[in-house]
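Take a look at the letters that make up each chain.
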Amino acid sequence: MSMEAMAALRILAMQRGEAIVLPTMSGARGWATVSTRPELDLPVSGAMGKASSVALGLALAQPNRQIIVLDGDGSLLMNLGSVVTIAGMQPKNLVHAVCQNEVYEITGGQPIPNAERVDFAGIALAAGFVRSHTFHDVAALERELPAVLAADGPSFLTLKLRPFSWDDSGPRRRTIDAARDLQLMLATTPG
Amino acid sequence: MAVSDRALTALRVIEELHRVGVTHVVWLVDTESRFMHDALTADSDLTIVPICREAEGLAVAMGLWIGGKKPVVIIQNTGFLESGDSIRGLGLDLQLPLVLLVGYRGFHRNQPITDSAATYLEPTLKAWTLPYQLVETDEDVPKISQAFELAAERRQPVAVLIGREYH
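As they're listed, the protein sequences go chains A and B. Once you know that position 119 of the first sequence is 118 in numbering that gives the first Met the number 0, the rest is easy, because the numbers rise by one and skip nothing. Once you know that position 15 of the second sequence is 14 in numbering that gives the first Met the number 0, the rest is easy, because the numbers rise by one and skip nothing.
The set of hints was computed from the structure by calculation and includes no laboratory data. Where a beta carbon is used, it is the ideal one built from N, C-alpha and C, also for glycine. Errors might be hidden in some of the hints.
Computed footprint of chain B on chain A, listed as stretches where at least three residues anywhere in the stretch have a Cβ under 8 Å from a Cβ of chain B [what the hints assert, rightly or not]: (1) 55-68; (2) 77-87; (3) 171-185.
Only pairs whose alpha carbons sit at most 30 Å apart, straight line, appear in this in silico DSS-like list of lysine-lysine [stated by the list, open to error]: (4) Lys69(B) to Lys91(A); (5) Lys142(B) to Lys69(B); (6) Lys91(A) to Lys68(B); (7) Lys125(B) to Lys142(B); (8) Lys68(B) to Lys125(B); (9) Lys125(B) to Lys69(B).
Isolated chain B, as found in the complex:
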């Protein structure tokens, strides 16, 4: 079965977030993560913190983490690129063990990538020394837990790229 025939489902992602003890979802909805909207907002064990611009996300998550909570930040790659100074000045300089689920707009497994939001994402992650994993189907979802473990171990932000678009 081809990768594109399999699904990444909201319930499986949320199950994994619960498994690692996530308390808050700091989120600016995008085309790659919108498939989780109804399920996430219906989950009474998760507090959704809607933000106006992606760069707020890391800062809100920082406050939650200092206060003893376990946040996850969900943003699109466009907003990730916008968030550079927060990732540098907060995430990396302050050694924050945060996980970012990043919608990989423009990603295609079997086609040339033409969207610059996708073209520059992985080179930027590498330049900023952020480890990352690609999640495309439910089979990949354990990578989210692994990202939390790696973030805690290295005391730095780790990205999980959501390679699922317009499903």
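Here chain A stands alone, though its shape is the one from the complex:
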């Protein structure tokens, strides 16, 4: 069972509070459609797979703010070591969410390696994340997400999503502009 992507993202958008969210790849397009706090969003493009590493740096720099990275499964596989790096630093304020739709959407839907067997939640837990959850349905996500976001991390979320279920009609911001705006906001607003 898997979720419609936009339904899952809407739930995260509603429950994010003041968290800074770093979406990447297809998730970034969908996130822009549902986010009501674009000033707290940092869409990461430019180097595929690196959003989780950017999120780690931000989490370490801003320990009083919650940081959520909205990763893709293909992206995470390009930087899987970041799971170990993050776990090594144990940032309590970091939530690593991976949108697992098992395909490379941008190239037309070809499967990621080992798509049907890879267990990201298990990898994260074995690497040293404090908690790891997998959500297959919207009702469970809506019910359990508040507790997940309230707990100390690093936390890992696997969101099982149906491929090609994004609505990418939202506004697109360049990473360079979002990064500069966020940096300015963080410099002038206590965390």
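With the hints as your guide, set chain B onto chain A.
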């Protein structure tokens, strides 16, 4: 006194990092930078962020910089070459004023260079339009501060090559 008779010491490098206000050292230890390991990890004013692969380094540093910190990335030339897409897509495209201390594996001042990790380093730096300086002894250490100044001025990554191997 020949260059090879003089030393590049950990304490002098760390002193310079403090002088420019470095807060975090994003690091995958290598044969050129390992001489700093004990001193860096013992320094309570610096936070060490150990990474699994060099390409993570620029991205972690990006997050730290956006969050108001001042990181330095320490990697070997082999990993620098591996990090090309991060240097392009993050460092250059996003105009990140970051300094990379790059272990210059295979560098020899007075001998032919035979290690391809050294052979291709400077041509690659030039191709990627990254300014760089060579640091071999304590006398060269002020080049690290200069690299930070240049990175801020040009809003781009700048490399400092650590030409000290197996000491």
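For each hint, the structure was consulted:
no.	hint	in the structure
1	55-68	holds (count 7)
2	77-87	holds (count 6)
3	171-185	holds (count 6)
4	Lys69(B) to Lys91(A)	holds, 21 Å
5	Lys142(B) to Lys69(B)	holds, 17 Å
6	Lys91(A) to Lys68(B)	holds, 18 Å
7	Lys125(B) to Lys142(B)	holds, 18 Å
8	Lys68(B) to Lys125(B)	holds, 28 Å
9	Lys125(B) to Lys69(B)	holds, 25 Å
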